[in-house]
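*Asks:* Taken in sequence, the protein lines are chains A and B. Numbering-wise (my numbering), the first sequence opens with residue 1 and increments by one. Numbering-wise (my numbering), the second sequence opens with residue 1 and increments by one.
Hints are supplied without guarantee of correctness; some may be wrong.
Claimed, not checked - Mimicking PhoX-like on lysine-lysine, the simulated pairs with C-alpha atoms at most 25 angstroms apart in a straight line are:
1. A/K94 <-> B/K63
2. A/K85 <-> A/K236
3. A/K94 <-> A/K236
4. A/K85 <-> B/K63
5. A/K236 <-> B/K63
6. A/K34 <-> B/K66
It is worth saying that the hints were derived from the structure and are not from the lab.
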Amino acid sequence: MNGFALGSTLLGTGVEFIEALTIVLAVGAVRGFKSALLGALAAVVLLAVLVGIIGAPLVSVMHILWLQMIIGLFMLLFGIRWLRKAILRYAGLKALHNEAESYQKELERQKAAGKSGGSFDRFAFATTFGGTFLEGLEAIFIVLTFGLSSHSMSSAILGALIATVVVVLLGVAARRPLSTIPENTMKFVVGVMLTAFGSFWLGESFRVTWPQGELSVVYLVATLVLVSLLLVARAKRVVASSQANIDDHSVEVHGR
Amino acid sequence: MKVLRTLWGLLVDDGRLASILLVALIVAAIVSSAHLHLLGAGVIWLGLIVALWVSVAHQWRLKRNKTK
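When you get a sec, could you build the whole thing from the sequences and use the hints?
*Replies:* Given below as structure tokens:
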């Protein structure tokens, strides 16, 4: 047993798995856990098959930059669209989504289509599949790098397995509290997450240098939250002054 | 076909947001290929903020003009 290989892989893959877990939890909480988990599971199975067939040369076979570019662009486009809508809803520039009404509509739509609930969500599947595949691939690179360099592949694999168990337990514990968060807040969080990860991966594919590496995702998240809060505050003031204009006008009309 | 329609829907949902983002990404790719890797990250970072700000500001301007 090699402690260095085990510890390094545990930490390295742990970071990658937490990033994947964040995407799965966020997308699952908004679009449903069934399709989100199916996407993540499909990615894990595909990676396992690839490792089984190709083995260690997988590192040189897979062009991670292209994967980062395609998945990053997909996540960035969807994420920023959701974030924009959540900001507009918070600011009162767009009506808040009526969850009860949309649930009833969806139920009626499915009844009319002759379907029995729990439909498959392609967006949730594709997003968690992409995120898990990319993070999983990076985790495999970490295991292979530390396993081969320390000549102790079993220690590196054990480190990754421990990280997997810890992150899965974290995910199970975090799932219930997430379901109590209001829909627009959840969409805001998912928008921020997908935008941050998407732009980070796109940047990686362009070979930009992110300050402090993967920690830049945290900085991106912080910047997006700050800018969004400023935008909401500013837009709320505009909405309030517009409403005051309408009220003044109606008082003038009634006063005549 | 449905994928293309979805992507097109994303682009036309707000042309300002999509175009500013696209320009920022292209500039970041060019700058990074010129070995200014840190500047590339900065361009993406700034592009996100500007795209969001311009897009939301356009919406509040529309709202303000409607009530004048």
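*Asks:* Taking the hints in turn, state whether each one holds.
*Replies:* Hints versus structure:
1. Straight-line distance between C-alpha atoms of A/K94 and B/K63 comes to about 10 angstroms, which keeps the hinted pair within the 25 angstroms bound.
2. This hinted pair checks out: A/K85 and A/K236 have alpha carbons roughly 14 angstroms apart, not beyond 25 angstroms.
3. As the CA atoms of A/K94 and A/K236 are separated by approximately 11 angstroms, the hinted pair is consistent with the 25 angstroms bound.
4. For the hint pairing A/K85 with B/K63, the CA-to-CA distance comes to about 15 angstroms; that is within 25 angstroms, so the pair holds.
5. Our distance criterion of 25 angstroms between C-alpha atoms is met by A/K236 and B/K63, whose separation comes to about 11 angstroms.
6. Distance restraint check for A/K34 and B/K66: the Cα-Cα separation of roughly 43 angstroms exceeds the 25 angstroms cut-off, and the hinted pair is therefore not satisfied.
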